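Chemist: The primary structure of each chain is shown beneath.
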Amino acid sequence: MGRYLRLYLKFVRFSFSKAMEFRLDFFFRVVMDFFFYGTQLAFFAVLYGQTQELGGWDRSQAFVFIAGFFLVDAIHMTLFANNMWMLPILVNKGDLDYYLMRPVSSLFFLSLREFAANSFLNLVLAVGIFAWSLTQLSSPIDLGGVTLYLALILNGALLYFVLHICFLIPVFWLQSARGLGEIFFSAAKYSERPERIFSGYLRRALVSVLPFSLVASRPAQILFEGADSSALVNIAIVTPLAFGFLLWFWNRALRSYSSASS
Amino acid sequence: MAIIHAEKLSRTFTVHEKQPGFLASVRSLIYRKKIIKQAVIEASFDIDEGEIVGLVGANGAGKTTLVKMLAGIVHPTAGTAEVLGHQPWKRSNELRRRIALIMGQKASLWWDLPAADCFLLLKEIYQIEDSDYSQRLDYLCQALGIGDELHVQIRRLSLGERMKMELISTLLHAPKVVFLDEPTIGLDLTAQRAIREFLLQYREDHKPAMILTSHYMDDIEELCERILLMQKGRIVFDGALEQVMETYSPNKILTAHFQSGVDPERLPTAETLPGQVLALDADHVRLQVPRDGVTSSAQQLLVSFPIADITIEEVEIGSVIEQIFRDGHVKDADR
Chain E
16 MGRYLRLYLK FVRFSFSKAM EFRLDFFFRV VMDFFFYGTQ LAFFAVLYGQ
66 TQELGGWDRS QAFVFIAGFF LVDAIHMTLF ANNMWMLPIL VNKGDLDYYL
116 MRPVSSLFFL SLREFAANSF LNLVLAVGIF AWSLTQLSSP IDLGGVTLYL
166 ALILNGALLY FVLHICFLIP VFWLQSARGL GEIFFSAAKY SERPERIFSG
216 YLRRALVSVL PFSLVASRPA QILFEGADSS ALVNIAIVTP LAFGFLLWFW
266 NRALRSYSSA SS
Chain B
729 MAIIHAEKLS RTFTVHEKQP GFLASVRSLI YRKKIIKQAV IEASFDIDEG
779 EIVGLVGANG AGKTTLVKML AGIVHPTAGT AEVLGHQPWK RSNELRRRIA
829 LIMGQKASLW WDLPAADCFL LLKEIYQIED SDYSQRLDYL CQALGIGDEL
879 HVQIRRLSLG ERMKMELIST LLHAPKVVFL DEPTIGLDLT AQRAIREFLL
929 QYREDHKPAM ILTSHYMDDI EELCERILLM QKGRIVFDGA LEQVMETYSP
979 NKILTAHFQS GVDPERLPTA ETLPGQVLAL DADHVRLQVP RDGVTSSAQQ
1029 LLVSFPIADI TIEEVEIGSV IEQIFRDGHV KDADR
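Going down the list, the protein sequences come from chains E and B.
Here the first sequence stands for residues 16 to 277, numbered as in our numbering.
Here the second sequence stands for residues 729 to 1063, numbered as in our numbering.
Treat the hints as calculated values from the structure; they're not laboratory data.
Just so we're clear, the structure is a prediction, and the values are computed from it rather than from any experiment.
Backbone N, C-alpha and C define an ideal beta-carbon position, used for all residues, glycine too.
A hint or two may mislead.
To be verified - Part of the chain E face toward chain B, derived, beta carbon under 10 Å:
#, residue
1, D112
2, Y113
3, M116
4, R117
5, S120
6, L152
7, Y272
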């Protein structure tokens, strides 16, 4: 574990060195994410201009929820997104070879080797929006609740990564990477909406086989309504199962990796 | 004991056949003709410590797939292999710490970082002790003539310098098995020579088992005592480099110099010579004759013409292997 942490710190250090090389790109990414946050907040502001309540949440609660999602997004963008973007390209071109030769977990290496230093500033921004949204809440919350919420948001970020990479892994069989990322981002919209606006099979799917609602919506629900044991058990069961599925799926995919001729 | 052992190692790939044109593209959405391509067919061999074995074959012969199976990158569809006692495709860390792969056509180093930083990352990945790291880096830099280039971003280095850095990164963890896939491709002659000399020195000092694939016959001739010749996925020859000549070169070159001041009428014409004439003038004749008929042809020349000197040579190995590739097949009887 200590070895992987040391290795990860090296990834972070080198990623910062690389990011500083390209100043324009560095600042462009910050501005781009700033617009993304602004658009999301504006979307909910417009919705609450038309209604007092959405999925059982008032405006201040919806902002905490969406700020929680910003945290998930910023963590994902900082730790995983660049690596996810590269993965289908590496598989498609047969460029995984060297990664598979190194004596470290290939999943760890390929998921975390690029730390997006330029998105790191957005993480700071997301934390700021989150802190502000908490001060706007109409109902009181305690420190324990916020701590549990942050832990569940971190868990949500892990789930979001698992879902993202599981949508990309089929590239090992399909060869063409086209479309896989887009399918994920379309499906990921579900994690930006309150769970209770959905119903029936779709809602059940969103807390089990495609657990997008466990990313930010369910943690927000637990924060507002208290730690309901069934909601926590749901997260505690789905997260390790999703991660276990990822490990199995990854190993199956590596068996099918055909590389490319030189 | 063999460090690398392969037994009936095979790999097939499924590819889709698609006819050209728009209509064919639409049709391929519904129906695709699958073709099973046998990249490697029942490859069996052993390689010992300190051996450099040349893996030789035309493009598409299966060399790279074979190397990638032994390196644990690609799973075989049949057969088995052991590298340092491990099945390579299980990718145990214990094995991966002791093997290395360098591909002349693919960079392993991080493009935007100086080599020194890349090496530090590899030090962490391979858990190399500080003292071993410094000692090995010094040795490799000295042997390859690397100095300040260590601190220059990889993308700013020349191709030759980059390849030297790749070699350093490949050997920093002192692997016992090294796979070299076209390590000199695209390099100028000086850089090619430098890398060959370095590899020989490294073999002398560290005794790893190495498998080398290269299309440059100089690499094969200077580095390998033994070659595996691959054709259409099969290993069609496994043996000493000289043995290739006996197996695949049915002819030898016979050169005779005539005595000076001889009456031109006593000199031979092409029709009277015992072999295929490669060159003929007033000073000498150069003939290609069947391997088993060399002695009689030489005797016939000595008896019939005023010969001052006669030499018998092998056909150049590079030409023989190139001929095999050009023909595109090895005679079934040779298999």
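Chemist: Tell me if D112 (chain E) is really an interface residue toward chain B, meaning its C-beta lies closer than 10 Å to one of theirs.
Modeler: 5 Å, holds
Chemist: With 10 Å as the cut and Cβ atoms as the points, is Y272 (chain E) at the interface with chain B?
Modeler: It holds, given that the least Cβ distance between Y272 (chain E) and chain B is near 7 Å, below 10 Å.
Chemist: Identify whether the interface hint at L152 (chain E) stands, where standing means a beta carbon of chain B within less than 10 Å of its own.
Modeler: Hint violated; L152 (chain E) Cβ to chain B Cβ min 44 Å, cut 10 Å.
Chemist: Next item in the hint list is S120 (chain E). Is there a CB on chain B closer than 10 Å to its CB?
Modeler: Since chain B brings a Cβ to about 9 Å from S120 (chain E), closer than 10 Å, the hint holds.
Chemist: Let's test the interface hint: is any C-beta of chain B closer than 10 Å to that of M116 (chain E)?
Modeler: Holds, because the Cβ-Cβ distance from M116 (chain E) to chain B comes to roughly 5 Å (cut-off 10 Å).
Chemist: Tell me if the interface restraint on R117 (chain E) is satisfied: Cβ within less than 10 Å of some Cβ in chain B.
Modeler: 5 Å, holds
Chemist: Hint check: is the beta carbon of Y113 (chain E) less than 10 Å from a beta carbon of chain B?
Modeler: 4 Å, holds
The structure fails to meet hint 6 from the earlier list, while all remaining hints are met.
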